[in-house]
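**Q** Take a look at the letters that make up each chain.
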Amino acid sequence: MNVYKFFLSLSLTIVMLLLMDPRSFYGLSFHEWAGLIIGLFFILHKILNWGWIKKVTMSFFRKCSGKARLNYVLDVLLLAGITLMILSGISISRTIDFSWLNLGGSPMFWRVMHTSSSYITLALFGIHLGLHWNWILQRLHIKKVKNGKEN
Amino acid sequence: MVKKISFLIFSVAILVIGVISFNKLSYGDRSTRIFSFSSDAPFEGRMGRGPEGREEFVRPEMRELPDSLRQQFGPQDGERMGRGHDEGGLRNVEDRGRAEFPGGKKINIRNVKWFLAVFALFTVLAIYIDKAYCLIRKRKL
Numbered sequence: 001m002n003v004y005k006f007f008l009s010l011s012l013t014i015v016m017l018l019l020m021d022p023r024s025f026y027g028l029s030f031h032e033w034a035g036l037i038i039g040l041f042f043i044l045h046k047i048l049n050w051g052w053i054k055k056v057t058m059s060f061f062r063k064c065s066g067k068a069r070l071n072y073v074l075d076v077l078l079l080a081g082i083t084l085m086i087l088s089g090i091s092i093s094r095t096i097d098f099s100w101l102n103l104g105g106s107p108m109f110w111r112v113m114h115t116s117s118s119y120i121t122l123a124l125f126g127i128h129l130g131l132h133w134n135w136i137l138q139r140l141h142i143k144k145v146k147n148g149k150e151n
Numbered sequence: 001m002v003k004k005i006s007f008l009i010f011s012v013a014i015l016v017i018g019v020i021s022f023n024k025l026s027y028g029d030r031s032t033r034i035f036s037f038s039s040d041a042p043f044e045g046r047m048g049r050g051p052e053g054r055e056e057f058v059r060p061e062m063r064e065l066p067d068s069l070r071q072q073f074g075p076q077d078g079e080r081m082g083r084g085h086d087e088g089g090l091r092n093v094e095d096r097g098r099a100e101f102p103g104g105k106k107i108n109i110r111n112v113k114w115f116l117a118v119f120a121l122f123t124v125l126a127i128y129i130d131k132a133y134c135l136i137r138k139r140k141l
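Residue numbers (the numbering used here), protein chains in the order written: chain A, 1 to 151; chain B, 1 to 141.
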């Protein structure tokens with residue numbers, strides 16, 4: 001399971017970086033389709049870590065370590081960022097027709113929202129990766145798992 | 001020890017490149033633009049000069065350009081694109097879909113490296129802040 005999680009996280013990171021510039025890779029059509037797919041990948045990432053989410057949600061205000069709380073808040077912010085990114089992306093999309101959704105708002109607002117949310121989300125992604133660095137080193141067998149406990 | 005020092009040098013290099021990329025992309029400004037966005041405010045142009053302050057752009061004639069630039073956007077480009085000599089170097093917009101950027105069919109990851117640098121900057125910062133926090137906590141216990 002951890003191998004799947006690792007490769008899913010790795011592909012999420014690579015696709016996210018490629019999506020940061022709409023001109024990169026295969027242009028705007030790639031940007032829009034991959035942007036939608038990354039949303040599904042993100043949901044899959046959450047499903048694979050559902051056990052942890054459930055555990056921390058139950059004990060957030062009671063018995064919970066500071067780092068777990070920080071990770072949880074960061075994950076909520078990431079979820080909000082990805083949602084805003086996809087929503088704003090849908091409203092300004094040009095190669096996929098989402099006009100039937102009638103999201104409203106000015107295109108300028110959605111464009112600024114798309115840029116800001118994607119920049120903030122990339123920064124949060126970086127922090128998220130940094131806080132899970134030990135887990136990555138363990139997956140790559142660079143660092144040994146202490147007392148059978150995984151990060 | 002050598003390993004630790006090399007890791008430290010590598011991290012400092014990531015931080016320096018990350019900060020340069022952060023400034024190059026105007027990352028801070030673009031991230032926080034949504035918080036200062038006002039739909040009622042008039043569009044102020046690209047550099048915030050406003051419509052009054054905008055200088056009228058006069059497109060120079062091809063023959064007025066210096067030789068180095070004329071070679072760069074020379075007649076061969078214009079002919080290849082099926083346009084007149086004076087418009088050489090401009091891409092044929094009609095052939096592309098309305099949503100395609102220039103070079104849409106080519107793999108172009110030129111700008112991704114700057115984002116990768118900023119991403120690495122935040123990752124390295126988080127790693128070291130986490131390490132420092134753990135160290136402080138250990139000393140307190």
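Since the hints were derived computationally from the structure, they do not count as laboratory data. These figures come from a predicted structure and were not determined experimentally. Hints are not guaranteed to be accurate.
If you only want the chain B side, here are some residues facing chain A, beta carbon under 8 Å, derived [said to hold, decoys possible]: (1) Val-12; (2) Thr-123; (3) Leu-125.
With a cut-off of at most 25 Å between alpha-carbon atoms, the simulated DSS-like pairs for lysine-lysine come out as follows [unchecked claim]: (4) A/Lys-5 / B/Lys-140; (5) A/Lys-67 / B/Lys-140; (6) B/Lys-138 / A/Lys-67; (7) A/Lys-67 / A/Lys-54; (8) A/Lys-63 / B/Lys-24.
Where a beta carbon is used, it is the ideal one built from N, C-alpha and C, also for glycine.
**Q** All hints, please: hold or fail.
**A** Verification of the hints:
1. Val-12: Violated, about 16 Å.
2. Thr-123: 4 Å, holds
3. Leu-125: 7 Å, holds
4. A/Lys-5 / B/Lys-140: 35 Å, violated
5. A/Lys-67 / B/Lys-140: Roughly 17 Å separates the two Cα atoms, so the pair holds.
6. B/Lys-138 / A/Lys-67: 14 Å, holds
7. A/Lys-67 / A/Lys-54: OK: A/Lys-67 and A/Lys-54 at ~16 Å, within 25 Å.
8. A/Lys-63 / B/Lys-24: Violated, at about 44 Å.
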